[in-house]
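Based on these hints, arrange chain S on the given structure of chain U.
Number of protein chains: 2
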Amino acid sequence: MIEDKDTQRTSLEKLGEFGLIDHLTQNFPISHTSTIKGVGDDAAVLSIDNSTVITTDLLIEGVHFDLSYMPLKHLGYKAVMVNLSDVYAMNAIAKQITVSIAVSNRFPLEALEELYEGIAMACKLYTVDLVGGDTTSSKTGMLISVTAIGEVKDKEITYRSGAKPNDLLVVSGDLGGAYMGLQVLEREKEVFKVNPESQPDLEPYSYIMERQLKPEARKDIVELLKNLNVSPTAMIDISDGLSSEILHLCKNGNVGCNLYEDKIPLDPTVISACEEFNIDSTMVALSGGEDYELLFTVPQTDFKKIRGNPNLSIIGHMTDAAEGAYLITRGNTKIPLTAQGWNSFETGS
Amino acid sequence: MIEDKDTQRTSLEKLGEFGLIDHLTQNFPISHTSTIKGVGDDAAVLSIDNSTVITTDLLIEGVHFDLSYMPLKHLGYKAVMVNLSDVYAMNAIAKQITVSIAVSNRFPLEALEELYEGIAMACKLYTVDLVGGDTTSSKTGMLISVTAIGEVKDKEITYRSGAKPNDLLVVSGDLGGAYMGLQVLEREKEVFKVNPESQPDLEPYSYIMERQLKPEARKDIVELLKNLNVSPTAMIDISDGLSSEILHLCKNGNVGCNLYEDKIPLDPTVISACEEFNIDSTMVALSGGEDYELLFTVPQTDFKKIRGNPNLSIIGHMTDAAEGAYLITRGNTKIPLTAQGWNSFETGS
Numbered sequence: 001m002i003e004d005k006d007t008q009r010t011s012l013e014k015l016g017e018f019g020l021i022d023h024l025t026q027n028f029p030i031s032h033t034s035t036i037k038g039v040g041d042d043a044a045v046l047s048i049d050n051s052t053v054i055t056t057d058l059l060i061e062g063v064h065f066d067l068s069y070m071p072l073k074h075l076g077y078k079a080v081m082v083n084l085s086d087v088y089a090m091n092a093i094a095k096q097i098t099v100s101i102a103v104s105n106r107f108p109l110e111a112l113e114e115l116y117e118g119i120a121m122a123c124k125l126y127t128v129d130l131v132g133g134d135t136t137s138s139k140t141g142m143l144i145s146v147t148a149i150g151e152v153k154d155k156e157i158t159y160r161s162g163a164k165p166n167d168l169l170v171v172s173g174d175l176g177g178a179y180m181g182l183q184v185l186e187r188e189k190e191v192f193k194v195n196p197e198s199q200p201d202l203e204p205y206s207y208i209m210e211r212q213l214k215p216e217a218r219k220d221i222v223e224l225l226k227n228l229n230v231s232p233t234a235m236i237d238i239s240d241g242l243s244s245e246i247l248h249l250c251k252n253g254n255v256g257c258n259l260y261e262d263k264i265p266l267d268p269t270v271i272s273a274c275e276e277f278n279i280d281s282t283m284v285a286l287s288g289g290e291d292y293e294l295l296f297t298v299p300q301t302d303f304k305k306i307r308g309n310p311n312l313s314i315i316g317h318m319t320d321a322a323e324g325a326y327l328i329t330r331g332n333t334k335i336p337l338t339a340q341g342w343n344s345f346e347t348g349s
Numbered sequence: 001m002i003e004d005k006d007t008q009r010t011s012l013e014k015l016g017e018f019g020l021i022d023h024l025t026q027n028f029p030i031s032h033t034s035t036i037k038g039v040g041d042d043a044a045v046l047s048i049d050n051s052t053v054i055t056t057d058l059l060i061e062g063v064h065f066d067l068s069y070m071p072l073k074h075l076g077y078k079a080v081m082v083n084l085s086d087v088y089a090m091n092a093i094a095k096q097i098t099v100s101i102a103v104s105n106r107f108p109l110e111a112l113e114e115l116y117e118g119i120a121m122a123c124k125l126y127t128v129d130l131v132g133g134d135t136t137s138s139k140t141g142m143l144i145s146v147t148a149i150g151e152v153k154d155k156e157i158t159y160r161s162g163a164k165p166n167d168l169l170v171v172s173g174d175l176g177g178a179y180m181g182l183q184v185l186e187r188e189k190e191v192f193k194v195n196p197e198s199q200p201d202l203e204p205y206s207y208i209m210e211r212q213l214k215p216e217a218r219k220d221i222v223e224l225l226k227n228l229n230v231s232p233t234a235m236i237d238i239s240d241g242l243s244s245e246i247l248h249l250c251k252n253g254n255v256g257c258n259l260y261e262d263k264i265p266l267d268p269t270v271i272s273a274c275e276e277f278n279i280d281s282t283m284v285a286l287s288g289g290e291d292y293e294l295l296f297t298v299p300q301t302d303f304k305k306i307r308g309n310p311n312l313s314i315i316g317h318m319t320d321a322a323e324g325a326y327l328i329t330r331g332n333t334k335i336p337l338t339a340q341g342w343n344s345f346e347t348g349s
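From first to last, the protein sequence lines are chains U and S.
Going by full-length UniProt numbering, the first residue of the first sequence is number 1, and it counts up by one from there.
Going by full-length UniProt numbering, the first residue of the second sequence is number 1, and it counts up by one from there.
So here's chain U without its partners, still in its complex pose:
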């Protein structure tokens, strides 16, 4: 047999399932009094005074992430963020998560430790308790299933369905970065295949790469809205792209929407990357996805509270359902929004 030169590889079989869970979760402190019992029994026990929100997402190797450029620590962090983002989109505060992972034997213990380091960092920064999960082997690749639990006062729950005609449409942060970061990473992967010695200067792309590899869920926006005394009428997080999320708000609230192209917030590095890749930046914002920003509606009366806030952009307003959902371009053309961005995309132009 060929000797394994990497002394830092501990095989998972050595630990067994229970040893593995104990080992991986040993450095997770409990922060919330609502966590009565975390890891270590048949189920976790929580004591939540207000309403509970619960959401779950699966991340699968080869579908949602590519380990050739996704560091495991970032993957762990992102898996948590994706779920916390859904909790914040209910105007709730995330309190607990469970994390289940399946891995093939090609991953040594040290790889899982790195993954859990990212999970631990996310838990610490967002004050979330890891309370359970499952660890198992897989025949191929890695998958992560996270469930997040949050708490919210009954009156503050914000559904996708509450938007009213004339409400302002507001988005946090900027859009399209995660998608363009992915384009850069995919390109570098191809370059690396051809020339493993290449030393590309990725510094100009650091913002958009970070948007893809290490997104942040917008807990701060939920807190900001509370501080501004703004109660969103409807809210959703942007996982699939602005266009698709707007259509959810329209369908669930039975309203229409006018979205203004010139109001869509874009970071300068997104614009320059779009130019470099010859992609329309509006299209990227509308369809790119994975930005994990919050999209919400507020009554017109809240305009003064939001105007000029550097974290928030008013990008449109809701209309009667009969009027439909449209993008108003810079050239003042009205184009129907579709889940794929806009209609012209579908007809292949």
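Keep in mind that the hints were calculated from the coordinates and are not lab data.
The hints are all genuine.
No distinction is drawn between identical chains; accordingly, a pair holds when it is met within one copy or between any pair of copies.
DMTMM-like cross-link-like pairs, simulated, lysine to aspartate or glutamate; straight-line CA separation at most 25 Å: (1) 263 / 216; (2) 139 / 290; (3) 155 / 223; (4) 193 / 210; (5) 139 / 188; (6) 153 / 49; (7) 251 / 13; (8) 251 / 22; (9) 139 / 114; (10) 139 / 240; (11) 139 / 66; (12) 155 / 49; (13) 73 / 220; (14) 251 / 302; (15) 214 / 275; (16) 263 / 220.
Coordinates of chain S only, in the frame set by chain U:
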């Protein structure tokens, strides 16, 4: 291209992710007032008055199930049972579940409908609301990740850790059936490979095959204990085998245990299958796993309440931790319990 002769195959791409979730979850009614919002927003919203318990389990094709003999409907049912069993093991009543699935394109819509039929049947029989989940593609095979949420009064929560010396050790139902059912199914799979025309008479194995393919979580036992006015001091469900679960109770409660071989409940079909396969039936009960029975401890004072109940078997009693955990054989030999059954198994005798 070769035409698909099976007209009942609808490809998943046709529906898209949102259409698929809507389609699969349309026949799931909501039974509990604690379910404020189920499928259809960023997160489900629950309003739980008492303590919440939460547990999650992953089932992976090729690791936890084999679709060559596991009908998809049964798989859906079992995936729910595995999780409900953990909720009942906390002495709680399951109220909600989320179900995430990943499937490769080899599965048509009709396969997922069958899977969800089993999930729906489990939800109906156990009065559980499906409140969320995730549906995604996988590069290979199928996986199911279920999270179950239950409710329990604070005083009634039963941890693994509460057993005291002299407590009676009690198990519901009978043991070893699921493991022997698996042996039969694996054998028939091999027979089928050699001779696809064979028509085996599986009727004698129907009980143990059902224990493997369609296990039931013991909600009835939680209700029975309440009716008998018995408060277990510790409880765990039997997923890995009696021996491993007893050791959990011992470790978590800092107690020892004497388990009596002649008290272990075995169905006659398990005994006869063990004879046929030349396997020791005690070993099967100790190490087989997947029986999803409840194992719990009660004070000696509850002896009269439990004695003679056809659903319950008193199989031993707890001791001081220093005395260790032992199997007392029919021949009155004392053998240390190990997670794999007993020690002589490990030494290969």
